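Student: So you can see what is in the structure, the chains are spelled out below.
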Amino acid sequence: MAKKDSQAVAELLPLRKSQSELPAPESDELLVLSLRARHPDAGTQLFDRYAPHVRRVLVRVMGPDSEILDLVHDVFVTALESVNRLIDPKALRAWLTQIAVFTARARIRRRVRGRILRFLPFSELPEPELPPPDFEASQAMQAVYRVLDALDTDQRIAFALRFVAGMELTEVAASCGVSLATIKRRLARAQISFTSMAQKEPALSEWLALGAVAPEGGAP
Amino acid sequence: MNALAERLQRLGREVAAEQDRALSQDLSLGSVRARVIAQPVRRPLRIKLWASAAVLAAAAAGIAVYGFSRPRAPLAASFGDHPLAVGEWVSATEPGTPHIRFSDGSEVALSPGSRARLATLDSVGAHLVLESGAADVRVTPNHGARYRVSLGPFAVDVTGTRFDVGFRPSDELFTLTLHEGKVVVSGCVLGEGRTLLAGESLSASCRAGHFEISALGAETGGGASAAVAPPPAPSAEPVPGEQLLADPMGDSEGAHNGGQPHDQAPAVVVPSWQGLSGQGRFADAYAVIALDGFEAAVSRASVTELALLGDTARFAGKPADALTAYQALRSRGAGTAAAKQAAFSIARVHFDQRAAYAEAARWFRTYLAEQPGGPLAREAQGRLMESLSRAGDRVAARKVAEQYLAQYPHGPHERVARQLLAR
Numbered sequence: 001m002a003k004k005d006s007q008a009v010a011e012l013l014p015l016r017k018s019q020s021e022l023p024a025p026e027s028d029e030l031l032v033l034s035l036r037a038r039h040p041d042a043g044t045q046l047f048d049r050y051a052p053h054v055r056r057v058l059v060r061v062m063g064p065d066s067e068i069l070d071l072v073h074d075v076f077v078t079a080l081e082s083v084n085r086l087i088d089p090k091a092l093r094a095w096l097t098q099i100a101v102f103t104a105r106a107r108i109r110r111r112v113r114g115r116i117l118r119f120l121p122f123s124e125l126p127e128p129e130l131p132p133p134d135f136e137a138s139q140a141m142q143a144v145y146r147v148l149d150a151l152d153t154d155q156r157i158a159f160a161l162r163f164v165a166g167m168e169l170t171e172v173a174a175s176c177g178v179s180l181a182t183i184k185r186r187l188a189r190a191q192i193s194f195t196s197m198a199q200k201e202p203a204l205s206e207w208l209a210l211g212a213v214a215p216e217g218g219a220p
Numbered sequence: 221m222n223a224l225a226e227r228l229q230r231l232g233r234e235v236a237a238e239q240d241r242a243l244s245q246d247l248s249l250g251s252v253r254a255r256v257i258a259q260p261v262r263r264p265l266r267i268k269l270w271a272s273a274a275v276l277a278a279a280a281a282g283i284a285v286y287g288f289s290r291p292r293a294p295l296a297a298s299f300g301d302h303p304l305a306v307g308e309w310v311s312a313t314e315p316g317t318p319h320i321r322f323s324d325g326s327e328v329a330l331s332p333g334s335r336a337r338l339a340t341l342d343s344v345g346a347h348l349v350l351e352s353g354a355a356d357v358r359v360t361p362n363h364g365a366r367y368r369v370s371l372g373p374f375a376v377d378v379t380g381t382r383f384d385v386g387f388r389p390s391d392e393l394f395t396l397t398l399h400e401g402k403v404v405v406s407g408c409v410l411g412e413g414r415t416l417l418a419g420e421s422l423s424a425s426c427r428a429g430h431f432e433i434s435a436l437g438a439e440t441g442g443g444a445s446a447a448v449a450p451p452p453a454p455s456a457e458p459v460p461g462e463q464l465l466a467d468p469m470g471d472s473e474g475a476h477n478g479g480q481p482h483d484q485a486p487a488v489v490v491p492s493w494q495g496l497s498g499q500g501r502f503a504d505a506y507a508v509i510a511l512d513g514f515e516a517a518v519s520r521a522s523v524t525e526l527a528l529l530g531d532t533a534r535f536a537g538k539p540a541d542a543l544t545a546y547q548a549l550r551s552r553g554a555g556t557a558a559a560k561q562a563a564f565s566i567a568r569v570h571f572d573q574r575a576a577y578a579e580a581a582r583w584f585r586t587y588l589a590e591q592p593g594g595p596l597a598r599e600a601q602g603r604l605m606e607s608l609s610r611a612g613d614r615v616a617a618r619k620v621a622e623q624y625l626a627q628y629p630h631g632p633h634e635r636v637a638r639q640l641l642a643r
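If you read the protein sequences in the order shown, they are chains W and D.
If you count the first sequence from 1, position 135 lands on 135 in our numbering, and the numbers rise without skipping.
If you count the second sequence from 1, position 386 lands on 606 in our numbering, and the numbers rise without skipping.
A portion of the hints provided could be inaccurate.
Unchecked claim - Just so you have them, the derived chain W footprint on chain D, three or more residues with Cβ under 8 angstroms:
1. 231–243
2. 497–511
3. 577–586
No wet-lab data here; the hints were simulated from the structure.
This structure is a prediction, so every number in the text was calculated from the model and none was measured.
Every residue gets a Cβ at the ideal spot worked out from N, C-alpha and C, and that includes glycine.
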């Protein structure tokens, strides 16, 4: 009986391993306050709470990519350095999503510039080919990201957040830091470009059953 | 949604599902976690430049000041003829009670029935905790003077001024009338701080979630009075056109900055730890307390708040801090019912969270000695028996078991007691 009692108590009052450990604040507002106060545990708690979400956003935008973990690292370093600029602490998750999107965008643009620079002299060439991605991707997924690679960067991001991440239009707009109207225009162009380029991808033809259909959000 | 968008979403969902399957088998985030935590947080260059300028300016100012002045001696405080030491309580029992006087000329006149404690005293000022009642505070405007008066969840920071202040714990009503100078009042519905100027008065209630600033002599609700809603709660939805987020990377085309100066933390309403604790959000409440440090919270807490502080720390899984608060309650509120009950709480911390059973037994005994017919006496007796048993003192445990069965034959620890006696 005593054992059961103590077990019940232990469940109610879990023992902490370290006395210096800050119990994880349940709300984002308080986590932000702890981060701003530079509490030693706050960065760990931020990572533990949001790293899976951040990685998922990055994977949606980038596709199978060997640099995802580096990007996750960059997102959290940026977040920890700029947490004082977060206006509404309750919007912590949306803010991290935005940082993830902008981090991915910067990386994609660097690669695009790298592709252009390949026409320059050897001494000015960017980094070598990337190693293979972390996981095997199906033909359909590879085809989707081949097509997305060919899109304008902002269109690619809007498309990935809307159709792969399944975000609402307002979420896509907030994550990209632009207005709803801008994101609708961007998505309309992205759909047209994607469907046009997807015609060269046999793995996508069944999925799209391509035809002359107006894009979501109206005409570009 | 049109047909094409639906097909794209189906394709996207399939891609996402495949990605999630791959991610669920990938545990490599741990290595990134270690790198992120090991990474020192850099401040932006702009801040470094400002900081450098500030350091140089401070150094120059320091050199100049050092040349003309020597470190100031700590202030002294007295209550009538009695020198007042840090940590001492004083109470005003009747009109004409002596004032609390400080050696820089500042003084605090307590109204009858008021109770205050000198929490800290240094060379530039003092921290006075007014547990209940009212006081007339006059702070001599010396260069660099810094006084703080805490009243329940409110705090008044002052450099040189005269004001009347009061606090009624029963409904957490705070009032302040400012006659001269300027003060900053913070806490609870006032968030991180509201500045009051001479000629203004403030009343605020945590419980009602409301505060009001009015001009002296103006009728409440009249033209010179302004009823003010609490600062927007962090959960407030953004109004249309208002941006939630600052541009996180600073390089976004069309990204919005929300009008905040870079590197300056936007104002955040800090919820009161008392409110969070009352809602059972103990980890959140503890996080708020930890912003200023638990020791500081203990030093400025009233007797009533000390019990809540201890409970908050206990339920947040911080036994060391819980013990600090309960011990402060035992010494500061000696003889009160709350202090007697703190003995039981201390025993629980030792038993439940530290597995220090001998110490737990000592405190359960203390509770029973102080409150033999108290509301927790039966539970204390049962847990004393358990504590002794776990501490290995079987003889004492059996003796308590016999007493327990005699007093509470069908109590919740009956079975434990019988098992002990059967061995």
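Student: Name the hints, by number, that the structure is in violation of.
Tutor: 3
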